[in-house]
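Novice: Below, each chain spelled out in residue letters.
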Amino acid sequence: MNVLDHLRQEEIYPLKIGGLDLNITNGVITLWLAAILVFVIFFYLSRRLKLIPGRGQNIIEIIILFLRDEVASQLRHGRETWLPFIIAIFFFILINNLLGLIPGMSSSTSNINVTAALALIVFAIVQIAGVVKHGLLGYLKALVPSGLPLPIAIFMFPIELVSQLAKPFSLAVRLFANMFAGHAVMLMLLSLIFLFRNYFILPLPVLGNTVVLAFEIFVCFIQAFIFTYLTTLYIATAIEGH
Amino acid sequence: MEPRMIAFLAAGLGMGGAAIGTAIGIGALAGKAMEGIARQPEAAGKIQMSMIIAIAFVEAIALYALVVSLILATK
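For the protein sequence lines, the chains are A and B, in the order given. Numbering (our numbering) for the first sequence: 8 to 249. Numbering (our numbering) for the second sequence: 64 to 138.
Keep in mind that the hints were calculated from the coordinates and are not lab data. Virtual Cβ for every residue (Gly too), placed ideally from N, Cα, C. Some clues are possibly wrong.
Simulated pairs of lysine-lysine, DSBU-like, Cα-Cα distance not exceeding 35 Å [said to hold, decoys possible]: (1) A/Lys140 / B/Lys138; (2) B/Lys95 / A/Lys140; (3) A/Lys174 / B/Lys138; (4) A/Lys148 / B/Lys138; (5) B/Lys109 / B/Lys95; (6) A/Lys148 / A/Lys174; (7) A/Lys174 / A/Lys140; (8) B/Lys109 / A/Lys174; (9) B/Lys109 / A/Lys57.
Here are a few chain B residues that face chain A, going by a calculated C-beta distance under 8 Å [what the hints assert, rightly or not]: (10) Ile110; (11) Met114; (12) Ile115; (13) Ile116; (14) Ala117; (15) Ala123; (16) Leu126; (17) Tyr127; (18) Val131; (19) Thr137.
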């Protein structure tokens, strides 16, 4: 309890609007910083697009082509419509995850509220995409796989409803727990130094922390990719039906 | 025994059991993926991508157990 308190966020500027607790904390500042960084990166890299790309444009192009070919290929029809949203989600989550690894900065995605907000956005978008495409009754009919006899279809309907609610929940918890576990492991390794009260233990936490940091960078990329891939999967399932 | 003792014990045991299940699951998954790659090295890219996605699913279940054990250990 006392150790994990270091991972909490502290208020910088208290702000209450109409009874809502809108305090500006570390996490809010990190979210704003990530949004500004994503905007600045894309704005300046699209200023002068060359046919033979330079370094920065090359990196972003590799990632965008990867997203277009691997992730958005699940959407057979509406690829150009959804691709900006997919790229935005991927880069926003990636920059948020990576900003949390800088020593001294607090992380925004290691907070369940931020990941729950992202999962709620995905949930709303998936349902609205399905309802817009099929109409409300048609969307409810498209939830159940077609071609089943009637009793099984009626039985499958609550199961499908529950799974529609469980998917954004699992998205939120997966991203939150991965990021939080990384920070917690680094914190535990460093508090070994305070526990032993001795400098001879120093190589173990420092080397261990370096290894965990390298693994955490990998996990940041993987978790951003998994979030984007599952979002695309749910949108494709909602648009095209089973 | 006080409730706090049992809560700490449950936190440790719960996460340990989840770690066992996850390790078995991911190990089986990676083994099958290696077999697939050994059989057909041209499909290595696709197999690798699907393996990573499946690993994320399996790991998410272990992380649910982690969240529960963190709640237990800090109460």
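Novice: The structure should be examined with respect to each hint, and the outcome stated for every one.
Specialist: The hints, checked one at a time:
1. A/Lys140 / B/Lys138: violated, 46 Å
2. B/Lys95 / A/Lys140: Judged against 35 Å, a Cα distance of about 38 Å means the pair is violated.
3. A/Lys174 / B/Lys138: holds, 28 Å
4. A/Lys148 / B/Lys138: The hint is violated at about 44 Å.
5. B/Lys109 / B/Lys95: This hinted pair holds, its Cα atoms lying about 14 Å apart.
6. A/Lys148 / A/Lys174: holds, 19 Å
7. A/Lys174 / A/Lys140: Holds, at roughly 20 Å.
8. B/Lys109 / A/Lys174: holds, 24 Å
9. B/Lys109 / A/Lys57: holds, 31 Å
10. Ile110: Check failed: Cβ of B/Ile110 comes no nearer than 13 Å to chain A, outside 8 Å.
11. Met114: violated, 12 Å
12. Ile115: holds, 7 Å
13. Ile116: holds, 6 Å
14. Ala117: violated, 10 Å
15. Ala123: Hint on B/Ala123: holds, closest Cβ of chain A at ~4 Å, below 8 Å.
16. Leu126: holds, 3 Å
17. Tyr127: Given a least distance of 6 Å, the restraint on B/Tyr127 holds.
18. Val131: B/Val131 check fails; min Cβ-Cβ to chain A is 10 Å, beyond 8 Å.
19. Thr137: Hint on B/Thr137: holds, closest Cβ of chain A at ~5 Å, below 8 Å.
When the structure is compared with the earlier hints, violations turn up for hints 1, 2, 4, 10, 11, 14 and 18 and for no others.
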